[in-house]
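Novice: Sequence:
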Amino acid sequence: MTTIQYKRTNKIVFSVIIVTLLLLCYGFIASLSSTDVLDGGNDNSLRYIPIVIAVIGIGASIIFFVKKSDSRICAIVMIASALATHLADLSVTSSTYSFVYGFPILIASMAYLNIKLIRMTNVTIMVINVIYIIRMFDMIGGGTKFLDMVYVEVSGIALAV
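Numbering (the numbering used here), first residue to last: 495 to 655.
The hints are simulated quantities; they were obtained by calculation from the structure and are not laboratory data. Nothing here was measured: the structure is a model prediction, and the numbers come from that model. Treat the hints with caution; some may be incorrect.
[To be verified] Simulated crosslink set (DSSO-like; lysine-lysine; CA at most 27 Å straight-line):
no.	residue 1	residue 2
1	Lys562	Lys639
2	Lys610	Lys561
3	Lys501	Lys562
4	Lys501	Lys639
5	Lys501	Lys561
6	Lys561	Lys639
Make a model of the complete structure from these sequences and hints.
Specialist: Quick look at the structure:
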């Protein structure tokens, strides 16, 4: 891609990534406040790690977009920060549908028309989702609810491939 093409594509991807990261932050804060109410204020500092990663990802995306919006490094930083935040989300959350945040990241990586970046993003999202499925199996403990979640998640991943 040329620098003009990167500048145009980064402008679109930046908006997608920032909206996705802000929605993830909102979800983190909402889950923290609901957990605090349910747990009676039980303070587990590990629950704050996804918010810190999301804020760092937003900051890095903004800095690289402002300074290097016409380069490939901006694209890689934005996609990597979104993937790191998605990993942090699925590592901590107990929501059944948090895997959905991977789709805007995958679609954003497709905007660059770079097969290597698309494959890297897709493989990373698949590995994150497999870890999430294993974690949810321990939390839910099998049964129809777990199988329904796995069917939806595997179908979504298959459609994205």
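Novice: Hint by hint, say whether it matches the structure.
Specialist: Results of checking the hints against the structure:
1. For the suggested pair Lys562 and Lys639, the alpha carbons sit about 45 Å apart, so the restraint of at most 27 Å is broken.
2. Of the pairs offered as hints, the one joining Lys610 and Lys561 holds, with about 24 Å between alpha carbons and a cut-off of 27 Å not exceeded.
3. This hinted pair checks out: Lys501 and Lys562 have alpha carbons roughly 9 Å apart, not beyond 27 Å.
4. Taking the CA atoms of Lys501 and Lys639, the gap is near 44 Å; set against the 27 Å cutoff, the hint is violated.
5. Restraint check for Lys501 and Lys561: satisfied, since their Cα atoms lie roughly 11 Å apart, inside the 27 Å limit.
6. Pair hint Lys561 plus Lys639 does not hold up; C-alpha atoms about 46 Å apart against a cutoff of 27 Å.
Hint check: violations occur at hints 1, 4, 6; the rest are consistent with the structure.
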